[in-house]
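> For the sequence shown, our numbering gives the first residue as 1, with consecutive numbering after it.
If you're looking for bench data, these hints aren't it; they were derived computationally from the structure. Model, not experiment: these values are computed from the prediction. All C-beta atoms, glycine included, are put in the ideal place defined by N, C-alpha and C. There's no promise every hint is true.
Label-pair restraints from in silico Cβ distances [what the hints assert, rightly or not]:
| no. | residue 1 | residue 2 | range |
| --- | --- | --- | --- |
| 1 | Val104 | Ser376 | 25 to 35 Å |
| 2 | Ala111 | Tyr198 | 19 to 29 Å |
| 3 | Ala402 | Arg113 | 50 to 60 Å |
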Amino acid sequence: MSGDDETATRRTEARSGEGAVPVPPRGLFILFAVACGAAVANVYFSQPLLVTMGHDLAMSPALVGSVVTLTHVGYGLGLFFLVPLGDVADRRRLIVAQLLLLVVALAAVSAARTAAILLVGMAATGLLAVVTQTLVAFAASLAPPAGRGRVVGQVTSGVVIGILLARTASGLMADLAGWRSVYLASASLTALLALVLYRVLPRHSDAPPTTLRYGQLLRSTITLFARERLLRLRALFGLLIFAAFSTLWSSIALPLSEAPYFMSHSAIGALGLIGVAGALAATTAGRLNDRGLSRRTTGVALALLAASWLPLAFTRSSLWALVVGVVLLDLAVQAVHVTNQTLIYTLHPEAGSRLIGGYMVFYSIGSATGAIAATSLYEVAGWGAVCALGAAFSCLGLALWAFTRHSTPDPGPRRQGDVSERSPSLLAER
């Protein structure tokens, strides 16, 4: 058996054979999932609230649209400049510090009285919400190799639920107490999580220490992309699936707020409850990857993603068609996403934060591209054109898989005792 996926799976930590490593309790990974969901939700709270925020602060439509864009730009910058710190710093302290700074940013957004303060606060919120990826890398480092896919899937399920329920929670709270209450409540929850995580997270990681300076750390992230074909390929998958994901979720409020539906914030946000089915895909995809079925999981999921746009195209005439399309799309996106993260982490576990952070930069690019293109296209050509755009992103992903699948066969299932040579470390890159 050969290929990039197999290579990734077989590159397990040499330390797994050096003695029994205690497995953290399952409750700790559930806490990771909750914290991930709460942190990433801050990136998506604004989507059902844009019209209300714009009216409150007298913002033009173009300026209102930049709220989502700046949040994603901040998130992308954080992925490259903050997440890699998890490979050289105490992750427990790094996570708590980012959460406390996120509390400050959320408080600033909730108190904003001008568009400038709001936009700066939203950019800072996106920047600091990348603590989600530090948590994912930390959880992966604590998981036993044979169950890493399951753990990544479980933690990612928290991310899925956070993203989707963000719209439900923000829409409901905005209808009840105004849009500012959303960010005030999130600041309070984030502060509570910072306290809990400070008390329960492991104080030391078993990751090997590194002496990289900050500039070298960032350069090594780029070096990883230059050397690892699998990382580049999976990053492209990530860009395309999240461009499709954002195409739907950044624009769906537009047709639903118009005739014939005229839905409220809370009703539009409730669509997130439908998409929670994606959490099931997250955990299931992780288990399939542990069994060596990553290639087939990716192909089936990308086919479902492309197919989801057919029922979505009938949204204006049938809410049932919308429901079917949302479930298919979210299942597909999360299945590919979990498979991506599980495979790339195994390439160089000692550089897990950089691998996941670098991969997620492409997620952010895809999300921002989908959001900007979908909202602009809707104004010009309507919902049908938006669905065509989402289908194009999805079909590109499926075509990429079809052209590369023979060079990336399914890896074999992982075993707890699997040991192989440690891959050449990139930690000493200069």
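> Against the structure, test the hints numbered earlier, and report the numbers of the ones violated in rising order.
none
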